[in-house]
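So the protein lines, in turn, are chains A and B. Take the first sequence: its letters are residues 1 to 344, numbered as in the numbering used here. Take the second sequence: its letters are residues 1 to 196, numbered as in the numbering used here.
All clues stand as given, with none of them false.
In silico DSBU-like pairs for lysine-lysine, Cα to Cα no more than 35 Å straight-line: (1) B:59 <-> B:87; (2) B:92 <-> A:12; (3) B:91 <-> A:4; (4) A:319 <-> B:34; (5) B:92 <-> A:24; (6) B:177 <-> A:4; (7) A:59 <-> B:92; (8) A:4 <-> B:110; (9) B:91 <-> B:178; (10) A:24 <-> B:110; (11) A:242 <-> B:71; (12) B:88 <-> A:24; (13) B:86 <-> A:4; (14) A:4 <-> B:125; (15) A:234 <-> B:68; (16) B:88 <-> B:177; (17) B:166 <-> A:24; (18) B:44 <-> B:34; (19) B:145 <-> B:177; (20) A:12 <-> B:125; (21) B:71 <-> B:87.
DEER-style ranges, computed between Cβ atoms: (22) A:49 <-> B:163: 54 to 60 Å; (23) A:38 <-> B:163: 48 to 54 Å; (24) B:9 <-> A:153: 38 to 44 Å; (25) B:147 <-> A:36: 28 to 34 Å; (26) B:9 <-> A:323: 29 to 35 Å.
If you are wondering where the hints come from, they were derived from the structure by calculation, not from laboratory data. Cβ coordinates follow ideal geometry from the N, Cα and C atoms, glycine included.
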Amino acid sequence: MSEKIDPGIIRKYTSGHYTFRDLKQIARWFRDDTSHDELMSAVHSNWDEFNWSEGLQGKDLSFVYNNLRKKILAEKKSFILKQKVLKVYSRVAAILLLPLLIYSSYTITNRLLTKPQNARWVEVVSPYGTRTRFDLPDGTKVSMNSGTRIRYSADFRKERKLRVEGEAYFDVHHDASSPFTVQAGVMNVTALGTKFSVTSFPNENSADVVLEEGKVQITGSKNLFSELLSPGEKFAYDRESKRGTIEKVDAKYLTSWKDGLLMFRGEPLGEVMKRIGRWYNVKFEIADPEVEKFRYRATFRDEPLEEVIRLISLTAPIKYEIKERKMNNNDQYEEKTVVIRLKK
Amino acid sequence: MKHADLYTEQELVISLQHASSDAFRQLFDLYSQKLYHFALSYLKSDAEAEEIVQEVFLKIWENRASLKSDKSLKSYLFTIAFNAIKKKFNKKIREDKYRYDLIEWLSQEKPELESRIEYEALLEKLDVLIDQFPEKRKKIFLSRKKEGKSIEEIAAEMDISPKTVKNQITEGMNSLKKSFCNDDLSALLFYFLFVS
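Next up, chain B with everything else stripped away, as it sits in the complex (with noise of 0.2 Å):
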């Protein structure tokens, strides 16, 4: 009776393969951790770091039956990670694309911005900008950037009128350009190096 102790690894395959729950909670004991950490690297978020933990572990158990027990099961589940985490990062780039784009914008008039300054740095201002700007620019400028939305569909949203619109979003774009580009550079500079 050895299901008191703790499983080698071999044993782990061949106790999955007869769906153990108990060589299950080892197997997640000894690596949800370290995958969760992982994938917080790449995703950079709370939640979707969990997200394929979940998915990861749902996944071994799921074909739990297939399992070989010659191979590392540590490769397997490597495995399984990468390809959860390229999916996710790929719609994390997608869905972030706004920010993205607008900083590809503001790094053609300042090309320091590509290439010396912290990218999350960066993002935070951007974000800090953007949450000052008047309400109504505010509202403007995410429904075209980060919505999407054509100046047309905002105009009549908003009732306000397409010229109204593109001049938002043009001073709002102006706004950050000088954030940006001017001023504010040294302390972005500085945090940089502090940190590098």
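If we strip away everything but chain A, and leave its shape as in the complex, we get (with noise of 0.2 Å):
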């Protein structure tokens, strides 16, 4: 029994100005899998009519969104955890080493992974907000940023393999015999003596490395690329056009973030806020979006993150509102938030 769907009813219904009539002819179309079809080519056009004006009073989603990136982190982490992976966490509050912490925690696992079985990899977590530096057993130096997750293979003097999902800073230590590599998305990076920084964050479009010192490989998987990087150079790989692109750069300002300092040269501040938002793990809502294109220079060196945007705030036109961390429903603190509009 599939009847004609009249847009006209629907449209009463949708207004809230419909009688039980109407009420009982609307249930009869949804109810009955006949008519799925036509119901849905008319809602559609009543989806299309439907104007949502942003005059209007919006409502506030701000807790259906904050649910929806629970779940997208929660599924991001728990892909790592199904792997069968020793962790070993670091906090950092500035720039403190920890090499004792670290170094202690690997002489435990390097105790534990006698019996191969138990795990084949190490891995070491920056968390957001903070970064982190160790050696690896190879008396490499390591300088992790904020949002940074490193792993490498227990055996690492035997092969010297690790992999990042973030950024990260090596100081590779010279061995000839045994090539260091770094496998970062689809980026493989292979080393002998260099000082090199990596890039490559699973949420953004493009990763890179940064060449300081010496001389790096870098192979794409599955052959995509392959180029041989000098000193001062900077590989760029767009994911969305599966291209890399290298150009000269001025490395020591681009991995100036391993010695504790946040550097700017005239970058635009949509840029600026994005870098300060991941240094500090702070989220940045930009009300006037003209703010976005005012180009911005300064260092700052080990700095609260109240005192950068007032500092900020002194050159840039800009006012700031830093709001305060609520707990949401689930006892957990939601991310500080800075809204920044324009100062006229």
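Taking the hints as your guide, dock the two standalone chains into a single complex.
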């Protein structure tokens, strides 16, 4: 029984001004599987006509969005948890070194690893809002930026291989007999004795390698590319177009974060906010988009977030409001939010 | 480095396929308000409309790998939304059946209730009238009509005779019939004419 669906009645229903008879018809259309396609078509027209203009009172859906984000992040985390991994977490306030903690954890895991079945990888994590430094078993110095994970093979002396998700700088211990390989996304970076950084965040479109000293070879998985980098060069890979480019850069500037320096050399404020957000694990809401185009220059070393924003507001045309962290319904602190407005 | 800029629809799809949370955020900002208000117009409930928004976006995220960049993201979103709304709508009608049945019964007596009065006004009036029943009658009436308990169950629960239960229900129905079919009708008619 598929009766003709009357879009007029649907309109009456959605407007709130409908009779009992109208409702009975609508309930029939929704209930009958035979009218599914026609109903969907009629509702689709309704959707196309449906005019939701921003001027009208919007509903606060941030709670819904937060729940979605939690699910998305949980999904990303559980992917790593599924592998057999020994985790070593480190918390660093400013740029304090905790080599002891990492090193002793490593020696413990080293003993455990005499049974090869237990774990094949060691994982080091630098949570959002912190930077971490540690040494690999071969003496290579590693600096990790905010929100970065590194996994290296437990048998690192034999084969110097590791995987990076995030941003890390390596000062590689020279060993001609053992190639040092970093895998990040589709990039595989091989070095002998060099100083370079690798950036590859899972939710960003581009990944890169910046070479300070020495030489590295970068090959792409599935033979996407193969490049040789010289000092002062950056290889940037665009995930979307699947293409890489090499450009000359100031390597020291791009890797200055490893020394606890937050530097901006004329980047647009949009980018500045993004980097600061990642550095301090804070969310920026830019209420006036014109603000984003302003170019900013400064160097910060070990300043708290409030001070950094205050200093920026002295020279850039912005007003800011730091919103307090609130506990949400699941007893978790929400990210700190800073709202940026144009200072007129 | 274009993540600071807005994506076009095609870029959104590709970025979503690569699990970009920026793209997801932008998609949410683009469509969540419209979706919420659209769902609200069908489900007439704030909580359920919110649930629709959550279900739809979660589903888009979960199936991001199979998004087709040559198909319309907007249509895809609509299809998911429609199916979710349909499901919730049918559930709502089933759960709301007791009021629906009461109005059906009342409109046997007075056909204008079905064709000339706004349904939402009828519902409101019905709720108010039942709410104004004397305490015992209200409890019996709702146990029977809304919760679907049997006469015996109610009699046992409330420690009264089944006859009392039956009488109370009959009294309730009669009083509803009187209110709907006699004096108050003009007020409802006025309401309908006033707003249409």
